[in-house]
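J.: Spelled out from the first residue to the last, the chains are:
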Amino acid sequence: MSEKLYSLLSTVLNISVEQITDITGPENTSSWTSFNGYVLLSELENTFDVKFTIDEAMDVKNVSDIKRHLKNHGVKID
Amino acid sequence: MKMEKSLSEYMKLSEKLEIEKHEKKIKLAFLSSFTITGLPEILKTKCNEKQISCQTYLGSYNQYPQEILNLDSSLYRFNPDLTFLIFDLRNIFGEHFFYSSDLKPSQKKEFIIEKINELKNLFEVFSNNSNSKLVVSNLNVPFYSSYGIAEQNSEFGFHEMISYFNSLLKELVKKSDNIFLLDFNNFVSRYGEENIFNYRNYFFGDIKISLNLLPFFGEYLMSFVIAFLGISKKCVVLDLDNTLWGGIIGEDGFDNIALGPQPPGNTFYEFQKFLKGLSKRGILLAINSRNNFEDAIKVIREHPFMILRENDFSCIVINWGNKVQNLQEIAKKLNIGIDSLVFFDDDPVNREFVKKELPEVTVPELPKDSSEFSNILLALNDFSSFEITKEDVKRKEMYLHQKKRLDLEQSSSNLEDFLKTLDIRVTIEKANNFTIPRISQLTLKTNQFNLTTKRYQKEDIEKFNQSENYLVCSAKVTDKFGDNGLTGVCIIEKQKDTWIIDTFLLSCRIMGREIEKIILNYIIKEAKQNNVKTIRAKFIPTEKNFPIENFLPSCGFKKINDYWEFEIGKLFSAPEFITLVET
Numbered sequence: 088m089s090e091k092l093y094s095l096l097s098t099v100l101n102i103s104v105e106q107i108t109d110i111t112g113p114e115n116t117s118s119w120t121s122f123n124g125y126v127l128l129s130e131l132e133n134t135f136d137v138k139f140t141i142d143e144a145m146d147v148k149n150v151s152d153i154k155r156h157l158k159n160h161g162v163k164i165d
Numbered sequence: 002m003k004m005e006k007s008l009s010e011y012m013k014l015s016e017k018l019e020i021e022k023h024e025k026k027i028k029l030a031f032l033s034s035f036t037i038t039g040l041p042e043i044l045k046t047k048c049n050e051k052q053i054s055c056q057t058y059l060g061s062y063n064q065y066p067q068e069i070l071n072l073d074s075s076l077y078r079f080n081p082d083l084t085f086l087i088f089d090l091r092n093i094f095g096e097h098f099f100y101s102s103d104l105k106p107s108q109k110k111e112f113i114i115e116k117i118n119e120l121k122n123l124f125e126v127f128s129n130n131s132n133s134k135l136v137v138s139n140l141n142v143p144f145y146s147s148y149g150i151a152e153q154n155s156e157f158g159f160h161e162m163i164s165y166f167n168s169l170l171k172e173l174v175k176k177s178d179n180i181f182l183l184d185f186n187n188f189v190s191r192y193g194e195e196n197i198f199n200y201r202n203y204f205f206g207d208i209k210i211s212l213n214l215l216p217f218f219g220e221y222l223m224s225f226v227i228a229f230l231g232i233s234k235k236c237v238v239l240d241l242d243n244t245l246w247g248g249i250i251g252e253d254g255f256d257n258i259a260l261g262p263q264p265p266g267n268t269f270y271e272f273q274k275f276l277k278g279l280s281k282r283g284i285l286l287a288i289n290s291r292n293n294f295e296d297a298i299k300v301i302r303e304h305p306f307m308i309l310r311e312n313d314f315s316c317i318v319i320n321w322g323n324k325v326q327n328l329q330e331i332a333k334k335l336n337i338g339i340d341s342l343v344f345f346d347d348d349p350v351n352r353e354f355v356k357k358e359l360p361e362v363t364v365p366e367l368p369k370d371s372s373e374f375s376n377i378l379l380a381l382n383d384f385s386s387f388e389i390t391k392e393d394v395k396r397k398e399m400y401l402h403q404k405k406r407l408d409l410e411q412s413s414s415n416l417e418d419f420l421k422t423l424d425i426r427v428t429i430e431k432a433n434n435f436t437i438p439r440i441s442q443l444t445l446k447t448n449q450f451n452l453t454t455k456r457y458q459k460e461d462i463e464k465f466n467q468s469e470n471y472l473v474c475s476a477k478v479t480d481k482f483g484d485n486g487l488t489g490v491c492i493i494e495k496q497k498d499t500w501i502i503d504t505f506l507l508s509c510r511i512m513g514r515e516i517e518k519i520i521l522n523y524i525i526k527e528a529k530q531n532n533v534k535t536i537r538a539k540f541i542p543t544e545k546n547f548p549i550e551n552f553l554p555s556c557g558f559k560k561i562n563d564y565w566e567f568e569i570g571k572l573f574s575a576p577e578f579i580t581l582v583e584t
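Protein chains in written order, with the working numbering: chain A, 88 to 165; chain B, 2 to 584.
Each hint should be verified, as a subset may be incorrect.
Claimed, not checked - Facing chain B, according to a computed beta carbon distance under 10 angstroms, are these residues of chain A, among others:
| hint | residue |
| --- | --- |
| 1 | 99 |
| 2 | 103 |
| 3 | 120 |
| 4 | 122 |
| 5 | 124 |
| 6 | 129 |
| 7 | 133 |
| 8 | 139 |
| 9 | 144 |
| 10 | 145 |
| 11 | 156 |
| 12 | 160 |
Calculated from the structure, these hints are not laboratory results.
Bear in mind the structure is a predicted one, so any value in this text is a computation, not a measurement.
Glycine included, C-beta positions come from ideal geometry on N, C-alpha and C.
Make a model of the complete structure from these sequences and hints.
T.: Next up, the structure:
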C-alpha cells in the first residue's frame with residue numbers, strides 16, 4: 088500500500104518518489120499548495136476507498152499524518 | 002460513465018504543454034464565485050488533445066463583479082476569446098438560500114429581478130469592454146428546500162424562485178449575440194447532486210464541484226470551445242454488424258439479427274433513433290461496413306424495425322475493403338475533411354486501425370455492452386454549435402442531391418456538358434440579419450475553398466456589414482436537383498481606387514462548378530460601378546486550401562509583391578451556363 092501512496096503523492100505533488108519522506112508537507116514542498124492539498128485528499132479517498140472527516144482533512148500537515156489517518160481507516164501502510 | 006483522467010493527471014499534463022504549438026488557438030478566461038482551480042488546466046489539456054493551443058486566465062476567487070467592473074482589470078488585459086462566468090446558488094441567494102420562507106411571494110420575485118438586473122449590468126459592462134463571448138452558468142435546483150415536501154404546495158417556493166431566476170437569465174442571454182448559457186442545472190442532473198457537491202469539500206475549501214467530476218465539467222465546457230472555433234464534426238460513420246444491429250448478418254441471417262423494440266434488439270433500435278435525431282439537426286450519417294452488399298442493404302431496406310433507411314445515409318460503403326480506405330472514400334465523396342468524421346465500430350481492432358492511420362477521425366471507445374451505445378453517443382460534445390442554421394437542418398437533403406449530381410456527372414461525357422445540364426442559379430445578395438449567422442458559420446468552418454481562412458464571429462460580420470468601408474455578400478446556389486443554400490461568401494474592404502478581397506470562400510458542397518467565377522464576376526462588376534481601378538487579393542496557404550492555389554492567376558490576377566492584382570477593364574468571362582440573380 089505504501090507504494091500506491093508514494094506513487095499518488097508523486098503524481099499529485101509532481102515530485103519524485105525518492106523526495107518523499109514522512110516530514111514532506113506544505114512547509115517544505117512548494118507544490119503542496121492548499122488546492123493540491125484538496126486534490127490529494129480527493130485522490131487518496133478514491134485510491135484507498137476511504138472517506139476523511141473534515142477534522143482529519145484539516146489535521147493533515149505532512150505525509151506522516153496521511154499515513155496515520157489511513158491506518159485509522161484500516162489501510163495497511165508500512 | 003465515460004472514462005476520464007484524474008484532475009492530478011490533467012494538472013501534470015498541462016504543465017508540459019507548449020502554448021503556441023497548434024494552428025488553432027483560443028484564450029479562455031474563468032470567473033467564478035467558488036473554487037474552480039484545476040479547471041483551466043483541464044481545458045488546456047483537452048484543447049491540446051484536439052490540436053488547439055489554449056491560453057487561460059483564472060480570475061481571483063469570488064471576485065467576478067470586481068474583475069468585470071474594473072476596466073483596467075487583468076481580465077480585460079488578458080483579452081480572452083471566451084469567458085466562463087460560473088456562479089452558484091449560495092452566492093446569488095445569500096441568506097435567502099436558508100430562509101427564503103421569510104419572504105412573501107412578491108418579495109421573492111423582486112429579489113430575483115434585482116439579482117437579474119445586477120447581472121444585466123455586469124454583462125453590459127463586460128460586452129462594452131471586451132470582444133470575448135461570455136458563457137454564463139445558470140443555477141441548479143437542489144434537492145434541498147427549507148419547505149421540505151411542502152415546497153410543491155407553496156406559492157412561489159424556493160425551487161420556483163430558482164427556476165424563475167433561470168428563466169429570466171435565459172431571456173437575458175437570448176437577447177444577446179455575445180452571451181451564451183451554460184446549463185449547470187442540466188450538468189447536475191446528469192451527474193447527480195450528491196456526486197457533485199459534498200459538504201466536506203464545501204466547508205473545507207469552498208469546492209462546489211467535486212474534484213473527481215471537475216474533468217467531466219471541463220468536457221462540458223469544451224462544447225463551447227468547439228462551437229466557438231467552428232470545429233464541430235459533420236458526419237457519423239457507422240459500422241453495421243453489432244453496431245446498428247445485434248449479430249452478424251452474413252452468419253445469423255435476416256430473421257435472426259437483434260433489432261426491434263424488445264430486448265435484446267432494443268439497444269440498437271434506440272441507438273438508431275438517437276442517430277436519426279442527430280441527422281435531423283444536420284449531422285450526416287454514413288456506413289462503413291465489411292459485408293456482402295446485398296445482405297446488408299436488404300436489412301436497411303426491408304427490416305421492419307430498421308429506423309435508419311437508405312435515404313438517411315449520405316454515403317453507403319459496404320464492401321470487403323479496408324475500413325481506413327473506406328473512410329477516406331466517404332470523406333472524398335461527401336467532400337468533407339477526414340477530421341469531420343466520427344467513426345462508430347464495435348470491433349476494437351478496426352478502431353485501433355483507424356486511430357493509428359487516421360488520427361484526425363474521432364473514434365469513441367465502444368464497450369461490448371450495446372446498452373451503453375446511446376449513452377456514449379449522447380456524451381459526445383463534438384457536434385456542438387451555438388445555433389442550428391437552416392442550412393444545417395437541410396444538410397442531409399442537400400447531400401442526397403449531391404449524390405444524384407455525381408451520378409449524372411459520371412454519365413456525362415465531359416464536365417462542361419454536365420455543368421450545362423445542371424441549370425445552376427446563383428443568387429448574390431448583400432449580408433442581412435438573416436444571412437449573417439450562416440456567413441459567420443462558413444468563415445469558421447470552411448477550409449478548402451477559402452483564400453484567406455480568416456475566422457469571423459457573428460458580431461465581426463455585423464461590424465463589417467455596418468461599415469461603409471466593407472462589402473459583405475453571400476451566394477445561394479440552386480440547381481435542378483435542389484437548393485444548396487447559402488454556400489458562398491465574399492468580404493471586400495473598399496478603399497478609394499482599390500478593393501481588397503478580405504474573404505472569398507465556397508462551401509465544399511458546391512466546389513467544382515465554376516460558381517466562384519460568377520461571384521468574382523459580380524465583384525468586378527460592382528467595383529467597376531464604383532470607379533475602382535484594381536482588385537487586390539491574397540492567397541494565404543494552409544494545410545487544406547491547396548486545391549485553390551491557382552484560382553487567382555487562372556482568373557487573370559497578376560502577382561505584385563505579396564498580393565495578386567486584377568486591373569478593372571481587363572476582360573473576364575464568367576461561365577454562361579450559370580444564371581446570376583442579384584437581389
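J.: Look at each hint and say if it fits the structure.
T.: Now the hints, each set against the structure:
At about 4 angstroms, the closest approach between the beta carbon of residue 99 of chain A and any beta carbon in chain B falls short of 10 angstroms, and the interface hint on this residue holds. Hint status for residue 103 of chain A relative to chain B: violated, with the closest Cβ pair at about 13 angstroms, above 10 angstroms. Look at residue 120 of chain A: its Cβ gets to within about 9 angstroms of chain B, closer than 10 angstroms, so that hint holds up. Hint status for residue 122 of chain A relative to chain B: holds, with the closest Cβ pair at about 4 angstroms, below 10 angstroms.
A least Cβ separation of about 8 angstroms between residue 124 of chain A and chain B falls short of the 10 angstroms threshold, and the interface hint therefore holds. The beta carbon of residue 129 of chain A comes within 4 angstroms of a beta carbon in chain B, closer than 10 angstroms, and the hint placing it at the interface holds. Because the smallest distance between the Cβ of residue 133 of chain A and any Cβ of chain B comes to about 7 angstroms, under 10 angstroms, the interface hint for this residue holds. The interface hint given for residue 139 of chain A holds, since its Cβ lies 7 angstroms from the closest Cβ of chain B, which is under the 10 angstroms cut-off.
A distance limit of 10 angstroms between C-beta atoms decides the matter here; for residue 144 of chain A the minimum to chain B is near 5 angstroms, and the interface restraint holds. Of the supplied interface hints, the one on residue 145 of chain A holds, with its beta-carbon coming within about 7 angstroms of a beta-carbon of chain B, less than 10 angstroms. With 10 angstroms as the threshold, the beta carbon of residue 156 of chain A stays out of range of chain B, its nearest partner Cβ sitting at about 13 angstroms, so the hint is violated. Because the closest C-beta pair between residue 160 of chain A and chain B is about 14 angstroms apart, greater than 10 angstroms, the hint is violated.
Of the numbered hints stated above, those contradicted by the structure are hints 2, 11, 12, listed in ascending order.
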